[in-house]
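Trainee: Residues per chain are reported as follows:
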Amino acid sequence: MQRYLVRRILLALVTLLAVSLIIFVMSRAAGDPRHVYLDDYSTQEDWDRLTETLGLDKPYYYQYGIFLGSALKGDFGQSIKEGRPSMEVIIERLPATIQLGTAAFAFSVIVGVPLGILSAVKRGTFLDMTGKIIALIGQSAPVFWLGLMLVFLFAVRLDWLPPYGRQEISSIVLPAVALGWFYAAANLRLLRSAMLNVLDSEYVKLARAKGVSNNVIIWKHSLRNALIPVLTFAGITLGSLVTGSLVVETVFAWPGLGQLAIQALAGNDYPLLQAVVIVFTLMYVTAALLVDIMYAYIDPRIRYG
Amino acid sequence: MSTNSTIKDNPVVLQVEGLKTYFETRWGTVKAVDGVSFDLRKGETLGIVGESGSGKSVTMLSVMRLIPSPPGQIVEGRVLLEGQDLVDLSEKEMGAIRGSQIALIIQDPMTSLNPVFSIGNQVGEAIKIHQDIPKRTVLQQVLDVLRKVNIPAADTRVRDYPHQMSGGMRQRVVGAIGISCEPMVLIADEPTTSLDVTIQAQYLKLLKELQEASDIALIFITHDFGIVAKMCDRVAVMYAGKIVEMGDVRDIFNNPSHPYTEALLSSVPKLEEDVDRLYSIEGQPPTLHDLPPGCPFAPRCQYVRDKCSQSYPPQFNLTDGHYAACWRLE
Numbered sequence: 001m002q003r004y005l006v007r008r009i010l011l012a013l014v015t016l017l018a019v020s021l022i023i024f025v026m027s028r029a030a031g032d033p034r035h036v037y038l039d040d041y042s043t044q045e046d047w048d049r050l051t052e053t054l055g056l057d058k059p060y061y062y063q064y065g066i067f068l069g070s071a072l073k074g075d076f077g078q079s080i081k082e083g084r085p086s087m088e089v090i091i092e093r094l095p096a097t098i099q100l101g102t103a104a105f106a107f108s109v110i111v112g113v114p115l116g117i118l119s120a121v122k123r124g125t126f127l128d129m130t131g132k133i134i135a136l137i138g139q140s141a142p143v144f145w146l147g148l149m150l151v152f153l154f155a156v157r158l159d160w161l162p163p164y165g166r167q168e169i170s171s172i173v174l175p176a177v178a179l180g181w182f183y184a185a186a187n188l189r190l191l192r193s194a195m196l197n198v199l200d201s202e203y204v205k206l207a208r209a210k211g212v213s214n215n216v217i218i219w220k221h222s223l224r225n226a227l228i229p230v231l232t233f234a235g236i237t238l239g240s241l242v243t244g245s246l247v248v249e250t251v252f253a254w255p256g257l258g259q260l261a262i263q264a265l266a267g268n269d270y271p272l273l274q275a276v277v278i279v280f281t282l283m284y285v286t287a288a289l290l291v292d293i294m295y296a297y298i299d300p301r302i303r304y305g
Numbered sequence: 306m307s308t309n310s311t312i313k314d315n316p317v318v319l320q321v322e323g324l325k326t327y328f329e330t331r332w333g334t335v336k337a338v339d340g341v342s343f344d345l346r347k348g349e350t351l352g353i354v355g356e357s358g359s360g361k362s363v364t365m366l367s368v369m370r371l372i373p374s375p376p377g378q379i380v381e382g383r384v385l386l387e388g389q390d391l392v393d394l395s396e397k398e399m400g401a402i403r404g405s406q407i408a409l410i411i412q413d414p415m416t417s418l419n420p421v422f423s424i425g426n427q428v429g430e431a432i433k434i435h436q437d438i439p440k441r442t443v444l445q446q447v448l449d450v451l452r453k454v455n456i457p458a459a460d461t462r463v464r465d466y467p468h469q470m471s472g473g474m475r476q477r478v479v480g481a482i483g484i485s486c487e488p489m490v491l492i493a494d495e496p497t498t499s500l501d502v503t504i505q506a507q508y509l510k511l512l513k514e515l516q517e518a519s520d521i522a523l524i525f526i527t528h529d530f531g532i533v534a535k536m537c538d539r540v541a542v543m544y545a546g547k548i549v550e551m552g553d554v555r556d557i558f559n560n561p562s563h564p565y566t567e568a569l570l571s572s573v574p575k576l577e578e579d580v581d582r583l584y585s586i587e588g589q590p591p592t593l594h595d596l597p598p599g600c601p602f603a604p605r606c607q608y609v610r611d612k613c614s615q616s617y618p619p620q621f622n623l624t625d626g627h628y629a630a631c632w633r634l635e
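Residue numbers (my numbering), protein chains in the order written: chain W, 1 to 305; chain E, 306 to 635.
Treat each hint with caution, since some may be false.
[Unchecked claim] DEER-style ranges, computed between Cβ atoms:
1. 9(W) / 520(E): 55 to 63 Å
2. 168(W) / 444(E): 54 to 62 Å
3. 132(W) / 615(E): 47 to 55 Å
4. 126(W) / 626(E): 49 to 57 Å
5. 330(E) / 168(W): 50 to 58 Å
6. 213(W) / 334(E): 27 to 35 Å
7. 393(E) / 136(W): 39 to 47 Å
8. 124(W) / 598(E): 27 to 35 Å
9. 132(W) / 571(E): 46 to 54 Å
10. 472(E) / 13(W): 38 to 46 Å
11. 141(W) / 472(E): 43 to 51 Å
Hints listed in this document are in silico derivations from the structure and should not be mistaken for laboratory results.
The structure presented is a predicted model; accordingly, all values stated were derived computationally and were not measured.
Even for Gly, the Cβ is constructed at its ideal location relative to N, Cα and C.
Please put together the full structure from these sequences, using the hints given.
Mentor: Given below as structure tokens:
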């Protein structure tokens, strides 16, 4: 178990390092940052001074070293547009994104998991059919369209919930549903098929032959096995829910990191964009690490493997 | 088998009468078990033999009321366990009997243990369900039963997970689960098919010893006549959901009276004969949703006559307890 954990954590660090290298290379390839800072009225002197401040006169490996060193300190340079440290801007936006991501994740689990189990247990019934429709909509409707339809129905027509922004507590409901629906659908389908497989397995048959009651069979013997594929997916989900909210945050004017990333991209604010990507990666890798730990808890074959 | 005469005086523990289990499928009603009757005495071993799909396993699952429903259903018949009809019991009442009075050992040791629970947990579960005893005693009983099935170092092995054990050891754990509550009837559904021959021999010997130690009535489902000869007192041969021949193991081997039994026995390779090709029965087992009115074996039978395709033959008694359903015996 310890060896497993150490290996996972080391792997996570390697991933982060690789991503930092990719970001570094891409930001160099994206064009000369001096052109962003300077305009037609700048002199050769300005140019030289900026070259020195940005460290562009140093060799690439040296530049990467500086980039990595300051990244470790949380320093990603000044945001061009905001004129203050990128990290400061990100930290302001982070709570909104985490809030939305968590709410969407909760929605995907609360809807997807019980419906997945019930669809498998009550296979072929009306309930199973309902589950199928929910899954179909979630997996096939584009997020921006789903978001707009939700706004149209619940904000415009029914006037139950606010259509955009983050002023009221209830503001989170629509973006969370729009963001979480796809993952709820995926959880539902994954769990349904995993449960059907497990319920058909020999060990469930043997458990029944031991006299184990149906409820215990479903919730103890089957669910724990069926959760393994779902958990794998949940890892990816958790990562992409916090990071993949670009569209939803834009549709609902949710002041989070996704919106910030879009703004930084549109405004050529490279330092800020870099910082956002690093933070996204960090969240993604952390989520994956959490899942790996959960995995070991659920499946002894991993714990002792 | 030297105890044959004494077994015949033992009381009957399980009595199956006219059992019919049908499955509703989109191709029609599949009569997987179609009027099966037999009885089983204390300490006796009954072998049930037949090809895949002949209804052996469905019969046993029906006895344990483990038929997935829908699509399956016991439509007729009685299963009397010491006089109590199991077919009428509620799911809850049946749960109290499964694992404690009738237990099952399943075919495949590699898949019949739950990968996420420890051995101790899985063996102890049946004990915990059926006996109201404190936790410490459960562990003690688990260790006892693991030792009974010859698990070495049981007190450390009890914390292991299935993937940490070999196939033979897992099968013994499955056996331990079967006997953990000292059942009256133990059903072994091809318990050795996926084991290699030496482990198989060990396991059969172990089963026999366990049976003799506590006078369990054992039902042995197999398609291996070698195992039948070694293990069983009596044999029932099943074909297309019906028992076509039944009798003492000696009678069946010396005087196979149903053409299907005869064919099955001829397909067993013999040590003293040198053959190029093994004997095989012509044709395929019938599809059970579309059975002709007569004997379902008729299309594959070498003794077939006109009558065979018209009506199903009744049981013809040959010697005491030996009968076969074939028009040839008329």
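Trainee: Falls inside 50 to 58 Å, the C-beta gap from residue 330(E) to residue 168(W)?
Mentor: For residue 168(W) against residue 330(E), whose Cβ atoms are near 55 Å apart, the range 50 to 58 Å holds.
Trainee: When you take the CB atoms of residue 472(E) and residue 13(W), is the distance between them in 38 to 46 Å?
Mentor: Given about 40 Å between the Cβ atoms, the range holds.
Trainee: Is it true that the C-beta distance of residue 9(W) to residue 520(E) lies inside 55 to 63 Å, as the hint says?
Mentor: Roughly 57 Å apart at Cβ, these two residues keep to the hinted range, so it holds.
Trainee: Is the hinted range of 47 to 55 Å satisfied by the C-beta distance from residue 132(W) to residue 615(E)?
Mentor: Check passed, 49 Å falls within 47 to 55 Å.
Trainee: Using the C-beta atoms of residue 168(W) and residue 444(E), is the stated range 54 to 62 Å upheld?
Mentor: Taking Cβ atoms as reference, residue 168(W) and residue 444(E) lie about 56 Å apart, which means the hint holds.
Trainee: Given a hinted range of 39 to 47 Å, is it respected by the beta-carbon distance of residue 393(E) and residue 136(W)?
Mentor: At roughly 43 Å between Cβ atoms, residue 136(W) and residue 393(E) fall inside 39 to 47 Å, so the hint holds.
Trainee: Does the Cβ-Cβ separation between residue 126(W) and residue 626(E) fall within 49 to 57 Å?
Mentor: Holds: the Cβ-Cβ distance is about 52 Å, inside 49 to 57 Å.
Trainee: Within 27 to 35 Å: is that where the Cβ-Cβ distance between residue 124(W) and residue 598(E) falls?
Mentor: 33 Å, holds
Trainee: Mind checking the hinted window 43 to 51 Å against the Cβ distance between residue 141(W) and residue 472(E)?
Mentor: 48 Å, holds
Trainee: Holds or violated: 27 to 35 Å for the Cβ distance of residue 213(W) and residue 334(E)?
Mentor: Holds, at about 30 Å.
Trainee: Taking the beta carbons of residue 132(W) and residue 571(E), is their distance inside 46 to 54 Å?
Mentor: Holds: the Cβ-Cβ distance is about 52 Å, inside 46 to 54 Å.
Consistency with the previously given hints is maintained throughout, with no hint failing.
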